[in-house]
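Number of protein chains: 2
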Amino acid sequence: MHDLLTIGELSARSGVAPSALRYYERLGLISSTRTGGNQRRYERSMLRRVAFIRVSAQVGVPLEEIGAALADLPAGRTPTRTDWTRLSRAWRSRLDEQIALMERLRDRLDGCIGCGCLSLKTCGLYNHGDELAEQGPGPVRLMRRG
Amino acid sequence: MHDLLTIGELSARSGVAPSALRYYERLGLISSTRTGGNQRRYERSMLRRVAFIRVSAQVGVPLEEIGAALADLPAGRTPTRTDWTRLSRAWRSRLDEQIALMERLRDRLDGCIGCGCLSLKTCGLYNHGDELAEQGPGPVRLMRRG
DNA sequence: CCTTGAGTTGAAGCTCACTTCAACTTGCAG
DNA sequence: CTGCAAGTTGAAGTGAGCTTCAACTCAAGG
Numbered sequence: 001m002h003d004l005l006t007i008g009e010l011s012a013r014s015g016v017a018p019s020a021l022r023y024y025e026r027l028g029l030i031s032s033t034r035t036g037g038n039q040r041r042y043e044r045s046m047l048r049r050v051a052f053i054r055v056s057a058q059v060g061v062p063l064e065e066i067g068a069a070l071a072d073l074p075a076g077r078t079p080t081r082t083d084w085t086r087l088s089r090a091w092r093s094r095l096d097e098q099i100a101l102m103e104r105l106r107d108r109l110d111g112c113i114g115c116g117c118l119s120l121k122t123c124g125l126y127n128h129g130d131e132l133a134e135q136g137p138g139p140v141r142l143m144r145r146g
Numbered sequence: 001m002h003d004l005l006t007i008g009e010l011s012a013r014s015g016v017a018p019s020a021l022r023y024y025e026r027l028g029l030i031s032s033t034r035t036g037g038n039q040r041r042y043e044r045s046m047l048r049r050v051a052f053i054r055v056s057a058q059v060g061v062p063l064e065e066i067g068a069a070l071a072d073l074p075a076g077r078t079p080t081r082t083d084w085t086r087l088s089r090a091w092r093s094r095l096d097e098q099i100a101l102m103e104r105l106r107d108r109l110d111g112c113i114g115c116g117c118l119s120l121k122t123c124g125l126y127n128h129g130d131e132l133a134e135q136g137p138g139p140v141r142l143m144r145r146g
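So the protein sequences, as listed, match chains A and B.
Going by UniProt numbering, the first sequence opens with residue 1, and the numbers climb by one from there.
Going by UniProt numbering, the second sequence opens with residue 1, and the numbers climb by one from there.
A hint or two may mislead.
As the list claims (entries may be wrong) - Derived contacts from chain A toward chain B, CB cut-off under 10 Å, selection only: (1) 19; (2) 88; (3) 101.
The hints are simulated quantities; they were obtained by calculation from the structure and are not laboratory data.
Even for Gly, the Cβ is constructed at its ideal location relative to N, Cα and C.
Between the sequences and the hints, there should be enough to build the whole structure, so can you do that?
The following block contains the structure:
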């Protein structure tokens, strides 16, 4: 019917509030053309961009970084399959890292925090960190990134 | 040597800034005794609490909720192994959920956003959401929790 | 004792990611 | 043509999670 979306339509379709979409636009994450009366109109390809933004934000990537990644997409034309594939490959490793981090955290929680060792003094990890190694990491080790 | 930790020691051992520790204390997430000169002294078991707080916050649990969970720990005494086990079991399922969500996101990113379908119109998911189902979820589906 | 680094407070400030507001304009259905 | 939902703007507000500041006190080594 119409091949450009109003901000309300993009909002309904993406699940992102109009105010947030305007915010994303101010940050340069998405873009629009304007009608004669100055209203925003979005290409359908923006739906994909918004989905990408939400997925990325959900896993903790700051909007600024998402913007930097999106800036690698071609400016003038609608991104091709190849464009998106390139972008999502880089992002995938980021997701994999984040997932791996969380799995480590979960296993530590189970194996160490769950066992009561820090207060019961029956855990190797605790004894190493807290009683043997003065500069020792102890629980800190849990939080290291990368 | 000393069996109570100063705020600086707890900070060094946990990797959390003193200001953040005071903040946690204001919120009731951790507690301390005071010296004659009004300085905080922490029991060693607080290290475990702080580790728990950081792990939980890292996966997106708001501090208020973490506080609610910690409130289930016994007030007077140092928590036992059983106390922590109960707490961490409930939390583990939360971590599992979060991990599963991220895996779903990753797979969708690979299988759908990665393939270029939203702009190339070759993807079932896209066609369903965007062309067949008017109230359809489309990319929104990606973001649903639970 | 003296110095110095560590700790104390409440209040204010900061970043991120938005939302809300007020005052106004557009676009479309009837 | 009219009415009204939907859109526009910049500025200010929100809430989470801290950090910084100023002005001060404490604790411990030399």
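Do the hints match the structure? See the list:
1. 19: This interface hint is violated because 17 Å lies over the 10 Å limit.
2. 88: holds, 4 Å
3. 101: holds, 8 Å
Of the numbered hints given earlier, the model fails hint 1 alone.
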